[in-house]
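Novice: Chains as they are written, first to last, in the working numbering: chain A, 1 to 284; chain B, 1 to 257; chain C, 1 to 365.
What the hints contain is simulated information worked out from the structure, not anything from laboratory work.
All residues carry an ideal CB built from backbone N, CA and C; glycine is no exception.
Honestly, I wouldn't trust all of these hints.
[Unchecked claim] Dumping the calculated DSSO-like pairs for lysine-lysine here, alpha-carbon to alpha-carbon at most 27 Å:
1. 65/C to 87/A
2. 336/C to 65/C
3. 310/C to 87/A
[Claimed, not checked] Derived, one-sided and incomplete: chain B residues facing chain A with beta-carbon distance under 10 Å:
4. 83
5. 115
6. 118
7. 145
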Amino acid sequence: MTPRPYNFAYLDEQTKRMIRRAILKAIAIPGYQVPFASREMPMPYGWGTGGVQVTAAILGPNDVLKVIDQGADDTTNAVSIRAFFVKTAGVRTTTDTSEATIIQTRHRVPETPLREGQILVYQVPIPEPLRFLEPRETETRTMHALSEYGVMHVKLYEDISRHGHIATTYAYPVRVADRYIMDPSPIPKFDNPKLDDCPALQLFGAGREKRIYAIPPYTRVIPLDFEDHPFERTKFDAACALCGATDSYLDEVVTDDAGGRMFVCSDTDYCEKRQSDKRKDAAE
Amino acid sequence: MSAALLAAEGLCKRYGAIQACRDISFEIEEGEALAIVGESGSGKTTLLHLIAGLMTPDAGEVRYRTRDGVIRNHSSLSEAERRALMRTDWGFVHQDAARGLRFSVSAGGNIGERLMALGERHYGRIRASAAQWLERVEISADRLDHAPWTYSGGMRQRLQIARNLVTSPRLVFMDEPTGGLDVSVQARLLDLIRGLIAEMGLAVVLVTHDLAVARLLSNRILVMKDGEVIESGLTDRVLDDPETPYTQLLVSSVLAV
Amino acid sequence: MYVAVKGGERAIRNAHALLADRRRGNRDTPELTPAQIDEQLALAVDRVMSEGSLYDRRIAALAVKQARGDLIEAIFLVRAYRTTLPRFGFAEPLDTAAMTLSRRVSATFKDLPGGQVLGPTFDYSHRLIDFTLETQDASAPSQPMSAAPGGPQSPSPRVTDLIARDDLIEREVLATPDAPVSDITRDALVFPARRDARLQNLARGDEGFLLGLAYSTQRGYGRNHPFVGEIRFGEAAVEIFVEDLGFAVSIGDISITECQMVNQFTGGDGRPARFTRGYGLAFGQSERKAMSMALVDRALRADEFGEERKGPAQDEEFVLSHSDNVQATGFVEHLKLPHYVDFQAELALLRQLRRAQGAVAEAAE
Chain A
1 MTPRPYNFAY
11 LDEQTKRMIR
21 RAILKAIAIP
31 GYQVPFASRE
41 MPMPYGWGTG
51 GVQVTAAILG
61 PNDVLKVIDQ
71 GADDTTNAVS
81 IRAFFVKTAG
91 VRTTTDTSEA
101 TIIQTRHRVP
111 ETPLREGQIL
121 VYQVPIPEPL
131 RFLEPRETET
141 RTMHALSEYG
151 VMHVKLYEDI
161 SRHGHIATTY
171 AYPVRVADRY
181 IMDPSPIPKF
191 DNPKLDDCPA
201 LQLFGAGREK
211 RIYAIPPYTR
221 VIPLDFEDHP
231 FERTKFDAAC
241 ALCGATDSYL
251 DEVVTDDAGG
261 RMFVCSDTDY
271 CEKRQSDKRK
281 DAAE
Chain B
1 MSAALLAAEG
11 LCKRYGAIQA
21 CRDISFEIEE
31 GEALAIVGES
41 GSGKTTLLHL
51 IAGLMTPDAG
61 EVRYRTRDGV
71 IRNHSSLSEA
81 ERRALMRTDW
91 GFVHQDAARG
101 LRFSVSAGGN
111 IGERLMALGE
121 RHYGRIRASA
131 AQWLERVEIS
141 ADRLDHAPWT
151 YSGGMRQRLQ
161 IARNLVTSPR
171 LVFMDEPTGG
181 LDVSVQARLL
191 DLIRGLIAEM
201 GLAVVLVTHD
211 LAVARLLSNR
221 ILVMKDGEVI
231 ESGLTDRVLD
241 DPETPYTQLL
251 VSSVLAV
Chain C
1 MYVAVKGGER
11 AIRNAHALLA
21 DRRRGNRDTP
31 ELTPAQIDEQ
41 LALAVDRVMS
51 EGSLYDRRIA
61 ALAVKQARGD
71 LIEAIFLVRA
81 YRTTLPRFGF
91 AEPLDTAAMT
101 LSRRVSATFK
111 DLPGGQVLGP
121 TFDYSHRLID
131 FTLETQDASA
141 PSQPMSAAPG
151 GPQSPSPRVT
161 DLIARDDLIE
171 REVLATPDAP
181 VSDITRDALV
191 FPARRDARLQ
201 NLARGDEGFL
211 LGLAYSTQRG
221 YGRNHPFVGE
231 IRFGEAAVEI
241 FVEDLGFAVS
251 IGDISITECQ
261 MVNQFTGGDG
271 RPARFTRGYG
281 LAFGQSERKA
291 MSMALVDRAL
301 RADEFGEERK
311 GPAQDEEFVL
321 SHSDNVQATG
331 FVEHLKLPHY
341 VDFQAELALL
351 RQLRRAQGAV
361 AEAAE
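Given these sequences and hints, build the entire structure.
Specialist: See below:
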C-alpha cells in the first residue's frame, strides 16, 4: 500500500470550505456558537482537534504559524501540533509572537499585544458557558436565543455568598458585543481583558463538541460581574525570576521538596525576549 | 367595566381517548382567588397547565390582559414573551417543590434569580431583597445561604412562594401547594398564603382536591368532574349549599373531625 | 540556576521509539502479522470495523497490530483513516432477507422457515480454559468447514416479515420517504435527533457503553419487554445504483450481524395493538453489539409510544452524546495534558481565601 500524499494541511478542500463557512457565520454573529461537522482528526478529541481544524481551514502557504500550550512553544502538545502542520502543510513556523500570522493556543493569550492581520485560534474543550448549570443542549440553545442569562449571574451570586468572591478563575464568562455570553476557553481570567477591543481576529474551535465561534477585531468583550463585585484582574505577588516582568502571567515552579518555589513567565517567547533585551542593555 | 385579567373560552384538551377538558370557559378578575376542585382524573391539573400557557389546547383560547392593558391571546405569544410573563407577571407554585426550585442553589440565589434575569446587577441589593422575602415567608434569615435540600417540606414550599412573589406578579397559579405536608405545617402555610394574597392583591388560580383549602383561600370555585365544570360560584355558597348531586357528594364526603 | 523546561520534541521522539520497541516485544517471539490477527482474532477485527465505521478487514487488522491490541486506539486509527477517503456515493439499503446465512436464531418461534442455525457460536460452550491452545488448536477440524453443510440454503424470510404478514408488528412509516438520509459524519447531530441519525450514532457507539445501557433496561430502567425476534449473521451484498446503467450492481459482500428485537406491544387511540421493534446492525459477527444497540434503539423511541423517559437509556441527549468512544477517550485522556496555568489560578484564589479566612479568625479572637 503506497502512502497517500495529504492535501495541504491535511483536510480536503470540501471540508475546509465547510469550516470556513462556519467561521464566516461565527464572525457575523460575534460570540454565537456555530455548529459544524467536525472531522475525525489524527489526534484525539480533547487534544486540540477544533483548533487544528480551524487553523487547517484558514492556513495558506505564506502564513507563519506559532503554536503554544500553557503559553509555551515547547510543551509536548504544542510540539506535536506544530509538527503536524509542518508535515502536512510545510508552512514556516515561529516562536516569535510578533512574527506569526496565525497563532494556535491552548489556555493562554500571548503577552505581546497582537496586531491587525493576525489571527488567534483558541482550542476549546467545552464551548457552552451555561453547560455546568444546564446539561441539555436543547435548553441552552433556547436560553441563548432568548438572551436568558439570569442563571449565569445566579452562579456568580452563589460564589460570592459562599466564598466572598466570584470563584471563577479561568474560563471566565464574557458578554460579546452586548449580546451573546461566551466561554473564552480555559484561559486564566488574567487574560480576559486582552479579548476586549483586540486588533486581531479571534477564532474558537471546539472539535469534540462541534462548535466554532468568533470575536471580530475591535469588539466589545466584557467579563460578567456585579456592580459591587466588579471583575478584578489577577495580580501576582512576585516578579518573574528570569526576566523580572511584573505584568505577565506567572507559572509556579516547585524547586525542591522543602517548599521551595519560584515564579517564571508562562509566555516563554515574551520572557526570552525580555531576557535577551536585558542582556543587550547590560552589554551596552 | 375593565376586561377580566384572564379569560378562558371553550378550552378542550384530550390525551388519546381521554377528554381531559371539555369546552371550559371562565374568567378571573384582578385580586380574585379562584379554586378549581375535583377528584383525581377530573382534569383540573390539565386545565391549570392550559391557562398557565404550559400546554396548548386542542380547541378554545386563553386571553390575558397585560400590565399595559393589552389583551393577548396565549397562542399569539412568542416563546420569549411567554417566558418573560412567567418571570414578571405570573407565578407558578408546584406541588413538588423540586420542580419549582433549584435544589443545589442557595435560598438567596433561588429568590434572587428572577431579579437577576431582569437585569439587577448589584449583589448587595439582590441579597437584601432575598433576605426580606425570606422573612416575609417566615424563614429565618440565617438560612439565606442554605440550599433547599437542607430545608423541610414546608420550608421548601415557602421558599418556592418567595421565589415566585419577588417580582410582584399579578397572577399566581398553584398546583396543590400544601399537598403532602403535615397537617399543622399545612395550616401555617395556608395562613401565610392567605395573608400574602390579601397584602399583595394577587389573583390566584388554585388547583386542589382539598375543599378546606379551597374554602380558606378562594373567593370563587369551579367544581370539575370528567373534564367538565359541573358547578361554579362563590366558594362559600357552593360549599354550604351545593346544587349538583356530585358536588353534594364531594362536600358530604369530607370528614368532619 | 533554574532553566526553563525544554526538549519536548526530543521527549516525544524517544517516547515513540520506546512505544515501537514495546509493540514488537521480545524479539525471540515471532512477529504478529495482520493476516493472523484477521483470521484468528476475527472478532476483534469485527469490532474495530464496526466502531471505526469502515469495512476493511486488512486496515482493521493492521490497526489492531499498530495499537498493540488496544481496540479503542485501533478504532481511532481506522476513523482517522476513514476521514481521508474519497466518497463516491451511498449504497442501496442492504437486503438482509437475501443474506447468505452462517447463523440464524430466533427466540420467538421454536421452528420457522429456514430453521434455527446455530453456526459458529460461543453460546453453548463451557467456559473452561482450553490449555491445548497453548501449543496447537486441537479442537479445530483438520479440514475447514463451511457454515451450512448439506446443500443450498432454504428460504429464510426475516421473522419480522413473518409477523408483519399478520399485521401484528408496527410498520415503519417514513414521514418523508424521499428525504435524504442523515449523515452524522457530515452534519453535526442536533437534538431531538431523527431515527436514522440515532441509529448511525448507535452503530458506531461503544459496545461496552451500549451493553451497560441495554442491561439497565432489562433491569427496570426503562423496561420494554424484549424478545429476540431474530439474529442473523452472514454475508450481504453491497449494491450501488449506477446512473449510466440504470440499475444497481453489486460491488462486493460484507459480513454483518443483524438483530431484530420484538418489544412490548402498544395500541389504543383507535390504533390496533401491535408489537414494537428495536434494531441493531454491526459489521462481522458482533452479536453483543447488535443486541445492545437494538435494546437501546427501542428505549430511545419512548416518545413514539407515549412512554415516560425515566431510565438513562431513554435519555436521548445523554446516550447519543456519550456513545462515541473515540470522543470519550479523547476527552477523558486529555486530562493528562498540562493544565498548570488554570491550576495556578485556582491555587492563587484558594490561598487568597485562606488568608481572608485566617484574618477573620484572628480578628475574632
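Novice: Would you mind marking each hint as holding or not holding in the structure?
Specialist: Consistency of the hints with the structure:
1. 65/C to 87/A: 24 Å, holds
2. 336/C to 65/C: 25 Å, holds
3. 310/C to 87/A: The hint is violated at about 50 Å.
4. 83: Hint on residue 83/B: holds, closest Cβ of chain A at ~6 Å, below 10 Å.
5. 115: Holds: closest Cβ of chain A sits about 8 Å from residue 115/B, inside 10 Å.
6. 118: 8 Å, holds
7. 145: Interface hint status for residue 145/B: holds (5 Å vs cutoff 10 Å).
Hint 3 alone, counting from the list given before, is not met by this structure.
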